[in-house]
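These protein sequence lines map, in sequence, to chains A and B.
Heads up, the first sequence is in the numbering used here, so the first residue is 1 and it goes up one at a time.
Heads up, the second sequence is in the numbering used here, so the first residue is 1001 and it goes up one at a time.
Everything labelled a hint here was simulated from the structure, so no lab data went into it.
Bear in mind the structure is a predicted one, so any value in this text is a computation, not a measurement.
Hints may contain errors.
[What the hints assert, rightly or not] Here are the simulated distance ranges between beta carbons:
id, chain 1, residue 1, chain 2, residue 2, range
1, A, G404, B, A1320, 42 to 48 Å
2, A, I124, B, H1137, 39 to 45 Å
3, B, L1316, A, F108, 42 to 48 Å
4, B, H1132, A, F108, 35 to 41 Å
5, B, H1132, A, D205, 51 to 57 Å
[As the list claims (entries may be wrong)] From the derived model, a few chain B residues whose C-beta atoms are all more than 10 Å from chain A:
id, residue
6, F1013
7, G1031
8, H1032
9, G1047
10, A1052
11, A1100
12, L1152
13, M1167
14, A1171
15, L1197
16, V1209
17, R1237
18, A1264
19, A1320
Cβ coordinates follow ideal geometry from the N, Cα and C atoms, glycine included.
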Amino acid sequence: MIALENVSRRFGFLWANRGVSIEVCRGEIHGIVGENGAGKSTLLKILSGHLQADAGRILLDGKPVHFRSPGDAAQAGIGLVHQHLQIFPQLTALENVVLGMEPKAFGFLRRKRARRRCGELCEIFGFSVPLDAPAGELPFAGRQQIEILRSLYREVRVLLLDEPTSLLSPPEINRFFRFLVSLRLQGRTVVLVSHRLEEVMEAADRISVLRRGKCLGTFVPREVTVEELAERIVAGSRVGDEPSLSRSGGEPSVVDHRKEGKPKGIVFRMIHARGGGSEYEAGLNDVTLEVGEGEILGIGAIVGNGERTLARMISGMMPCREGSIHFLERDISSLPVWERRELGLRWLPANTFEEALLPRRPLWENLLMGHHRPLASRPWGWFRREEIRAWGEACLAMGDVVHGGLGEPLESLSGGNQQKLALTRVLAGSPRLIVMEQPGRGLDIRARRNLWERLGRMSIQGVSFVIISHDVEELLSCCHRVGILFRGRLAGVAAAQSVSVECIGRWMLGLT
Amino acid sequence: MPWRGGWLPSTFFSACLMGLLLCATSGMATGHGPFALIRAIWEGSWGSVDAAITTLAKMTPLLLTGLAVAVAWRVNLLNIGCEGQLTLGALAAATFALQAESLPSWALIPLSAAVGAAIGALWSWPAVALKHFRGTHEVITTLILNYIATYLAEYLVLGPLGDGSAMGRTAQIPSGAVLKPVLSMGVPVAPFAGVLLCLVVQAWLSRNVWGYEVTVVGINRVAAETSGINARGWERRIFLFSGALAGMAGAIEVLGVHHRFYRAFSAGYGFDGVTTAFLVQGLPGMLWLSALLMASLRAADKWLQLALGVSPNMILVIQAGVLLAAVCRPAAVFFRRGRVPWK
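In isolation and in its complexed conformation, chain B is listed as follows (with noise of 0.2 Å):
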């Protein structure tokens, strides 16, 4: 049969080794042992249910910033926008929904997230359209927009759409627009939806006509031309889809974690859902793999300070050496001589 599903990338299985070895040998270095680095993580992140919780709450925002990431390198472009365009949808959702209090919650929770996801499509398209117009690399333009949109947000927050104190934030949303809980003890639901679209979109771009032409487009942008398909149409949707999804990413970090935006809201997660991405080499379908481990490694950070007395920030050092073997790929070059990285 001429279809392949997507197999485990060894650039993971490598990246997992050196983030083990890094926290053997730093665990060594600060005199606790080799494993104890290792277990400070796992309990940190899975050894509770309210570990497991926060730890569930935090692959949310990753998977939908790793999403943003893959779908647009997919069409051969970068968004390290993803921060910018998380912080403005997060914005707006908070925004629309203390103004449309009145709504019934089952029509505000999903349209203050179709508002973020349109805020975060609306500012990913600057950047697209540089590109497409004026040749404007894509990289430059997101990460420019990125602090635009910070710098934006702060002051919007410090004035016309605070709660009017100095702190620098919105009014808490009206209890209709929080995103409860359904399962039993308080396990979000986001994460599982953020799967889901994850796989659809994996099967989407191998078994759909539409994914197929961006695919191609991704791979062959002459031949692609060739053959009848419109690579900067595709260019465009793709990216604003992808701005969306960083949207809906701060949208949901809203209405179901803060309740409420406050001045420098995302918390690293629009670069980290490169990190995300690039670990799984932009396979949306294995996205979950990294983002389990990249929620897990962010659940941690306190608890390695109470448990072992180690900076938290030792966890972004982990996360860097992880980032790095991704990128060398070292396992591909070993195993798969000759073999394309991509599916």
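Chain A on its own, in the form it takes in the complex (with noise of 0.2 Å):
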């Protein structure tokens, strides 16, 4: 159905895909797997028409198609779901799903007809978006399924999905993987790229291995393993010896953190809160918890579940209607975000790309925020240049991210990369507790596992965790304890090493 051959495509210097050829069969789920930047999205937006291949060809049905943008690929019927999404959040969902393609007459838009289009749509395949709702204000996995409706909308035969699970709670992944199936049983075409192995390996008909921008082959879930098309990933690393992060668990190794006996004193205290909470996220009723020193609090919750209220309300962007927040021996409740920062606390966005980065200014602008003061001279301010490279080039190598100069736009970067130095950031200086949304969005096996031992070595210097994940499991394996929320209670809190998952289960689904 679709053949690329040969495709290429350089920044600067750096060969983000080069001579890759992939063959794509019609009806067939087609994962691709690789390391963060080893050139997934580019190949997609080679495929979808939003960057132009330097060098080789795609056929689409064994006819050369050359697209010269996004829209030209959309009339050929191939459209590509962001990792991130490309949402108006002002717009409403059915306003965002037509966008672009209207039904009009007379230049008035046809919300009848549109909405009883989508509606089809929404019942085919089983979503449940409000329509009418403002697209911001929707959790992820609404959103997403926007920008997904939008391409059925348009009728496509191939879609390309870029981490569509990065952010989605383990009941939402099921639902995903059975609305990709019943795209295949209609003839439609699916690419599917992730980092989350198992996942791949149970949905994809056939998978793909990306390295260094380079294809090292095709294979079939059947005929291979797990470790083996992990070992093809990352090679070069002693696959064996690293912990498995991912969704089907293994024995973690990464927990030796967790032996270092009781937490000291209590850094953070939320007591009784209340506050927050829209239409369609829960806000948080009644929560007290309690952060010791040194110590990683995991909070799992089903999307929606009141886990981003949380956040912010102690970061300090959502006010707290009732109860009191305390932090370090203080009343924090009433402090403006900057305030709680200068204190020591600090908040890592869900949505980095949005809620914490700047995409189109250079990289060590982005890595200076809230690090910007004691690296500029007294009293007046001035930048001190030749300090801020060094400090920049250091925090960049600490965090693993590679990049191509300081002086790039934030954008050149790949995913999970951003996400590495959204990551570096809020981890450098002297931090007491840092919340952290989502820490592993996009981020490869060996990037997950630096990230839980560079977590795990601050938390034996005393610097305090709260870590908002979806990923239950590895919360468990890498947390001191784990509470679940649910509909804005802490339906349980227990340490990670004696509680059953089964248990876990049952708090999320909030069940007693």
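Take each chain as given, in its own frame, and dock them per the hints.
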């Protein structure tokens, strides 16, 4: 159906894709896996006309095609769902879906017709999107469904998905894969990029492996094991020794920081907190929790159960309507974000690209945010350039970020490297408590392991963490204690090493 | 090196091109030939020493109001209220100079300018306060404040602060308060100081921590707060600074040009500040270019009447065309696909 022949694309001196040849058959789910920066996203962007290949060609149904814009690709029936969703938050879900192909009469949007068509699609594929809600207020899963609907609305034959499951919770992921199967039954083709090997193994009919821009071949899941695949992805490092941090668990070995005995003092305390909440996400309802010095507290939840509210309330982005928040023996309930940060409380938002980064500004400006004051001369505050450069290089090296120079715009990094940059920024300096939402988003196995090791080291030095993630098994294998939020209430908190998975599962579903 | 200077905004060139085209077509339409209008504008603004001095003098308020709009735009606030801030700043400076007559010149001039700036800042404060506490859009509030300022100034100058005549003006300020041209041939210094100020602001924005914070707030407010920057504080400070610049523009008009305040004082300098700023996409370091263009057009309007018998309003048409071209940014689309218009 689609054949890529020797497709190459270069950014500066970096080959994102180099002589990639992949064949995708009609009606199959084709997985593409690889490390951060292996060129997966670039490949999808070339297929969907967002980028043009420097060399090589694309054959669609045997005929060479040349997409000069996403519009060209859409015409040919190819649609891409981006890793960073392209949503207009002010428009309603419906308007977002029909955007660019609005049914209209005399220049007016024919809402009824649009709604009927969208309703049909939702029904066929089992989506439940509130069509009249502003897209910005929907949880991530809802926004993602909008973007998928947008492609389906345009009758795409080939759907390209870039990291679709990175912000979905386990039940949503299951629903998502059922949706992929229903697409296949209709004879549509899916190209799926993901870091979660087990998922891809389960869902895909065939899997292509990319490493450093080159394609290492295409495999059928039945004929290879996850380990073999992982070995090909990261080749050069000894995969066998690495702890598996993937979905299906395995024996975690990064837990040595947990043997350090009981936490010493209480750093953070939240008492009977209430507040926040919208129609689409639960607010907090009487949440009380404590975090000890050097403790890693994991918070798990199914999307929309108040986990975002919790993070935003701790960081100060959202006011605490009732109850109080104490940090380092001080009531911080009414302090603004920046004052909390000065006390040593930091926050890594879930959508780093939108909420923590400046996409079009150079790397050094992105890296500097939050660390800028100490790096300027006193008293006038002029930047000391050499120092900033040295600090920036060191910081990027620490976070293992692959980049093409501090002056390059952030956009030039791959999604995984952007996340690494945000992570290394929030970890740098001397924080006391870090609230992280979905820290592993978009990271490959190795980067995840490095991240958890780094968190472990920092926790031994006395830094506390509140880590909010949908990947509960990862939390269980790496945190000291794990709590579960259900409809804005803390359903339970338990030591990670003693609690059973069944118990966590019951908490997540609100059973006691 | 990761530091990049500002590039000449393509907007400006497309705007100039549009202006020239308009001049040529309207010149032909009025039967003077395609180049007559362009020549007249040149002669009217730079054709003689006197004309050049007038042009330079007109640059000062444009630079300051342009800078006022540009810095506010840095934190995503649009200050349409320069007109009102400038008017009240001018009145305040004139009144202060008249009251504090006895002060020596070296104290009187800066103090009068400072009073003008302070009143300008004060007049911008309600807009940003209302935005922060009630969520009112600053464009609406500053626009309304303009009207209030104009009529307030008119009332004051016809009544308590006037010179008693029915002209609606204050008395002439003492000679000690007059900002005299220092250079030979009567070239004013204020425009050069203005350019210097713009360049300092540009350097501050790109190479200073505080300027960096302002930039970050303007690009991504959530990210700024996430990384511990007081976004609200910067919005307030920058907006007050913006008002102060506009007020100072009024003060300098009084001290350097008119030597008194009279009703309907601002000749549209406040609104032209918006044009000046957006011609160069709000880059403070490039404001001198757009201020030069706008001042040249303004200075040439009388000459147009004298030389060609064309109505001075022609200049307004050209200004509008230039602004339109700048706002459409056609060149930005053609030559810089996918690039950021903002440095």
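| task | Identify every previously stated hint that the structure contradicts and give their numbers, smallest first. | result | 3, 16
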